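Novice: Taken in order, these protein sequences are the chains called A and B.
Each residue of the first sequence is one higher than the one before, starting from 1 at the first, in our numbering.
Each residue of the second sequence is one higher than the one before, starting from 1 at the first, in our numbering.
These aren't lab readings, by the way, just hints derived from the structure by calculation.
Incorrect hints may have been included.
[As the list claims (entries may be wrong)] Listed next, the stretches of chain B that the computed footprint assigns to chain A, with coverage defined by at least 3 CB atoms under 8 Å from CB atoms of chain A:
{"id": "1", "stretch": "51-65"}
{"id": "2", "stretch": "93-107"}
{"id": "3", "stretch": "325-331"}
[Stated by the list, open to error] Simulated coverage check for chain A against chain B, where a stretch passes if three residues somewhere in it have a Cβ under 8 Å from a Cβ of chain B:
{"id": "4", "stretch": "86-93"}
{"id": "5", "stretch": "231-244"}
{"id": "6", "stretch": "263-276"}
A quick note: this is a predicted structure, and the numbers were derived from the prediction, not measured.
Note that CB positions come from ideal geometry on N, CA and C, so glycine has one too.
Each chain, written out:
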Amino acid sequence: MKIGIPRGLYFYVYYPLWYGFFTSLGHDVILSMPTNKEILNTGVSSAVDDICISVKVYHGHVKHLLGKKDVDHVFVPRIVSEDKYKYTCPKLAAMPDLIKSAFRKNEKKLLSVVMYMNQGKKALHEAFSEVGKKIGENDDRKIKKALKAGIELQDKATMCLRKEHNFLEVVSSIQNLDSLLEKPVKKERYTVALAGFPYDVYDGYMNGDVIKRLQDTNMRVVVTDMLEPKLYKHYTKYMIKDLFWHQANVAAKGGMYYMDSKDIDGVITISSFNCGISAVYEKLLDLYSKETGKPLMHIVVDEQTGDAGLVTRIEAFLDLIRVKRGDGLVAS
Amino acid sequence: MHRKITYTFPRMGYSYAAFESFFKILGYDVMVPDPSNSKTLKEGVSNSPQGMCFPFKILLGQFAKLLKENPDKYFKIVSLESYGPCRFGYYSPLYNKILEDMGVTNFEVVNVEGIYPPWYKGVPRFIKKLVKLVGWHAPWAGVRAFVIAGWKVYAVERLERKFYHLIPREKVSGSSEKAFNRAFERIHHAPNKVKSIKKILNEELKKMDQIDHIDDVELPKVGLVGEAYMLMDYSNNLEIEKKLAYMGVDIDRSLWVTNWTLDRLLKTKQHLKHMKEVNKGYLDFFIGGDGQESIMNTILYKKKGFDGVIQVLPFGCLPETAAKQILSNVSEDYDVPVLSLSFDEQTGDAGFVTRLEAFVDMLKSRREIKSKESKAKKAESVTTR
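Turn these sequences into a full structure, and let the hints steer you where they fit.
Specialist: Written out as structure tokens, the structure reads:
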């Protein structure tokens, strides 16, 4: 069977797990193509207009997969929580319902599951055995084995992230993560940290290829999901109260950690327009950057984003970093 | 340094009268923020994060005005919060950070959250918060204040319901509004006894009944669903209920302070049953805020024979936006017109009224068509006989 996985939202976090699970059950995993204009447009037209751009893009990806004839199922999970007492955004918790309401004709093709990532392996096993049943796999032992393979792959991917390989590299070399682990990371003179939800940071079409643009100008790019959660635990005190959303916590605390660390030159947050949650952590980072004096830039993406304005802003930010280091401006 | 503390709380609709008396009975000073105007809105909007919920911006502006106008007083801002996936639970830390950043220091935010897991930590934390909020009191004093405040909320709601019921039926336009305003003031300043509140309520209800009105008119019925704060606070939803009522619509609001607290905190059985039955296939999952309730109430309104439903939501509200997309399907399946109105700081009066009028006209014509059809059917059945 061929399982389609939309290249959006939590694909950028749990793809290794899903990939490992489905492939070791003997199914093929088909990804939708990277976001492009067509996907964006179909997404914008099929989702409600108030919703954030990332969700709209996700609609586009799902539609793209539904249109493919050889895809048997499209995997749309409902991810409720990722950590103890930490949830995902309400829109994401309602994701299968939203997708169902948008594409009612193809309701049967959707493969949805409630995933609690926090409640240990048992809950995860239950959830995935439900997925298994829907795609005709009733053998419990096989599912256990597949899930184990998936978790192994996910752990390996996390290790790659900790070694500062970004998630896009993980996706492109998913079959050979061991070699990625050994690959050294290039050191550069400047390092820029990106804070934000993985699905905003890594979606190159939406954010004007920030990562590539920075790498082209000889900057090392680190992302908040590369950090070990232990490192930024103590920032809860500054925030008064933990945020309820795991990814927002990672972005906020990770951003603060990067602002405090010496080898990071500046922090850029990337969020999508009308994303309510990023409004909260962006304000926290704003206030924290006032205290530490680290350069901070917010990039908010929407469906109208033009490249030109963004390039200018990034260039200006890089100039600021250079000046702060005392290197002066480089004529380019 | 010990300073006298003045309490303040988010103002929401007419319920502020009850909250005010709660603190007064316990013997504290209390000040209610003024309803928002363009100046407070501007201040709130410019200081809060750009994508934050609209209610937060409103409240921030109101609090900032209050704190700045009374620099000699020390305020305790009471913030009732949830602990859930919705942003409502992160209001108080942001009040703290942002007001400090604005250079206001004469305040302290006390957030009272519900009991959230793990319960062995949650219950003591809740009690601790309550003590921090109102200080040590004899339990009966607290209970008494709570009961009286509850009665005031109830009384105001009864009056409000009567008021919206009377507007489209009154013969002299404006007469029921006058009566309601007087009644509200009386309840607001009623002595702190359950008996006297009851007495005033009965008197005023009788007086409102005596207003010259026609009872047996067929009016289009509209239900209001949506986000609790925007729905209940008349000053920020541009008095949508009053406007609709003056257009000659029988309106019913789904969320009131009493049923909101009862359903939410005590989880009444009927509420849970409705939730389960009705939301099946649309939104089977709790997503925080009032998202599920919006869908549930829309369907319940249809079953009760309402002609249309209006969803009121602040722009960018996380759960309501999700509900909005699903509501379009509900509207299709149940054949009930749904109008989603999202409010933000730019909402103007004129365009808003036009949309409401268009919606009401549509409902009226639908009614006519339906009554014609049913008449034709009746005639048919007569002739075939």
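Novice: With reference to the structure, classify each hint as holding or not holding.
Specialist: Taking the hints in turn, this is what the structure says about them:
A stretch counts as covered by a chain when three or more of its residues have a beta carbon under 8 Å from one of that chain; for the stretch 51-65 of chain B and chain A the count is 3, and the coverage holds. Counting residues of the stretch 93-107 of chain B whose beta carbon lies closer than 8 Å to any beta carbon of chain A gives 6, which meets the minimum of three for the stated coverage. For a cut-off of 8 Å, the count of residues in the stretch 325-331 of chain B with a CB near a CB of chain A stands at 4, and the three-residue condition holds. For a cut-off of 8 Å, the count of residues in the stretch 86-93 of chain A with a CB near a CB of chain B stands at 6, and the three-residue condition holds.
For a cut-off of 8 Å, the count of residues in the stretch 231-244 of chain A with a CB near a CB of chain B stands at 5, and the three-residue condition holds. As drawn, the stretch 263-276 of chain A meets chain B at 5 residues by the rule of a beta-carbon pair under 8 Å; at three or more, the given contact holds.
The structure is consistent with each of the numbered hints, conforming to all of them.
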